[in-house]
Amino acid sequence: MGILSKKDAALILDPLADNNPITIQVLGICSALAITAELEASIVMAVSVLFVMGMGNVVISLMRNIIPSKIRIIVQLVVVATLVIVVDQVLKAFAYELSKTLSVFVGLIITNCIIMGRFEAFALANGPKRSFLDGIGNAAGYGFILIVIGFFRELLGSGTLLGIKVLGDPIEKTGLYAFGYENNGFMLLSPMALIVVGLIIWVQRSRNPALIEEN
Amino acid sequence: MLEHIELFFKSIFIDNMVFATFLGMCSYLAVSKKVTTAVGLGAAVIFVLAVTVPLNWILDQYLLRDGALAWLGPEYADYNLSFLSFILFIATIATMVQLVEIVVEKFSPSLYNSLGIFLPLIAVNCAILGGSLFMQSRDIQTLGLAFNYGLSSGIGWFLAILAIAAIREKIRYSNVPAPLRGLGITFIITGLMAIGFMSFGGMLTGGDEAAPQEEVVAVAPTQDMSGLTIDAAQQDTTQKENETVQEDSPASDNQINE
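Residue numbers (the numbering used here), protein chains in the order written: chain P, 138 to 352; chain H, 671 to 928.
Hints were generated in silico from the structure; no laboratory data involved.
Each hint should be verified, as a subset may be incorrect.
[Stated by the list, open to error] Listed below are several chain H residues computed to face chain P (Cβ distance under 10 Å; list not exhaustive): (1) Leu693; (2) Tyr698; (3) Ala700; (4) Leu803; (5) Gly854; (6) Phe857; (7) Met868.
[As the list claims (entries may be wrong)] Stretches of chain H that chain P covers, calculated by requiring three or more beta carbons in the stretch to come under 8 Å of a beta carbon on chain P: (8) 684-691; (9) 750-757; (10) 760-767.
For each residue, glycine too, the CB sits at the ideal point set by N, CA and C.
Modelling step: build the complete structure from the supplied sequences, incorporating the hints.
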């Protein structure tokens with residue numbers, strides 16, 4: 138960490154663990170749950186949010202002194218919407234099938250509360266460099282959880298990772314399936330996403346009791 | 671008329687915003703600690719969805735979709751502006767929310783006091799933008815249906831947040847494992863509720879255009895009673911085939927939740 142001071146490094150590292158946007162700040166849940174049935178979609182979503190957050194935080198931070206506070210929400214929405222349109226068009230051009238899978242959830246990055254939350258809480262009060270780091274850090278924390286959920290849901294639900302059959306072939310009964318293992322199709326249904334997040338929160342808070350909430 | 675009723679119940683129960691598509695989860699989790707505040711936010715969501723979805727339907731129909739500008743003249747018929755939908759939809763929503771806030775403040779201060787703090791929050795509630803985007807991607811046909819869709823999705827969201835707020839008020843007295851307290855148990859409860867809501871999947875089977883009116887009435891209650899999972903749709907088809915072989919069984923494909 139020669140380039141970054143200790144404070145700056147914390148901006149990136151904190152959201153990965155003890156200040157995670159999903160499990161601690163409760164931001165950006167919608168997309169985390171809806172598109173995580175496959176690992177690939179989770180990764181694409183994580184990268185899209187990383188791009189939108191990093192860029193958006195810089196833009197808002199550069200404009201922070203000229204935005205009238207009364208209309209700041211609309212200004213923020215326009216900045217995010219523009220960035221999301223770029224992501225959407227790129228996905229449609231280079232990964233059309235995937236953009237079909239993600240459907241409206243690319244558009245919903247606009248209202249992803251992480252982005253608005255970080256604009257309000259950080260970018261409006263800090264310079265572009267620190268804002269950029271904060272954006273990247275939070276998006277990475279978000280993406281990390283997304284990828285963990287996607288990993289377990291795809292592995293247990295369809296026995297594949299990124300479409301590769303890692304557990305053997307369920308029809309020809311090879312690999313684990315030879316021993317009578319069955320895919321748990323339930324993992325692919327939407328309610329399981331919620332329960333997986335609940336379990337992640339459980340694990341994280343058991344490891345770090347300081348995060349336990351008062352009832 | 672029948673399609674209105676079908677869309678109404680479908681949007682409330684089968685395609686419930688929270689349990690089937692996870693829209694509006696952030697405020698759903700953040701504002702569900704007390705029933706009274708949950709009711710306030712839920713009412714505001716119903717209101718804003720019922721206003722913005724039809725508005726965005728008009729925008730989509732006459733401005734954004736492929737060939738939508740044909741009413742300006744034949745030379746405009748080739749334009750496809752649908753890449754602008756995100757920015758236009760969110761601008762409409764943000765403006766409407768602001769407008770609604772001003773109007774409500776002027777004419778009904780008491781309503782403003784109960785909704786007031788939630789209205790600005792709603793501009794960034796994914797349920798609102800999601801309602802408009804689903805309206806676009808599901809290709810809703812008329813303005814009336816768009817209004818219906820907005821209203822019933824809002825009611826579905828309202829029901830969901832009311833239910834979780836009531837459960838959270840009660841669970842305060844239970845002995846939840848410490849690391850799960852608060853957020854964790856809420857997630858798991860929501861997951862269980864979503865599983866419950868999945869059983870509505872078979873609700874509308876048999877009410878399709880192929881079936882005559884009396885049959886709809888006769889079939890619907892038995893299904894509600896059986897309260898089975900998505901398989902109800904398939905079971906129903908087989909039942910029907912046994913009863914009346916010569917008649918086409920109502921299409922079951924579009925009833926099963928995607």
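Verification of the supplied hints:
1. For the restraint placing H/Leu693 at the interface with chain P, the shortest Cβ-Cβ distance is roughly 6 Å, inside the 10 Å limit, so the hint holds.
2. At about 8 Å, the closest approach between the beta carbon of H/Tyr698 and any beta carbon in chain P falls short of 10 Å, and the interface hint on this residue holds.
3. A least Cβ separation of about 6 Å between H/Ala700 and chain P falls short of the 10 Å threshold, and the interface hint therefore holds.
4. With its C-beta approaching chain P no nearer than about 4 Å, H/Leu803 sits inside the 10 Å limit, and its interface hint holds.
5. Because the beta carbon of H/Gly854 sits about 4 Å from the nearest beta carbon in chain P, less than 10 Å, this interface hint is met.
6. The criterion of a C-beta within 10 Å of any C-beta in chain P is met by H/Phe857, whose closest approach is roughly 4 Å, and the hint holds.
7. At a threshold of 10 Å, the smallest CB-CB gap from H/Met868 to chain P is about 7 Å, leaving the interface hint in force.
8. For the segment 684-691 of chain H, the stated coverage by chain P holds: 3 residues have a C-beta nearer than 8 Å to a C-beta of that chain, and at least 3 were required.
9. Coverage of the segment 750-757 of chain H by chain P holds. Counting CB-CB distances below 8 Å, 5 residues qualify, and the rule asks for three or more.
10. Residue count for the segment 760-767 of chain H with a Cβ under 8 Å from a Cβ of chain P: 4. That meets the three needed, and the coverage hint holds.
Hint compliance for this structure: no hint is broken.
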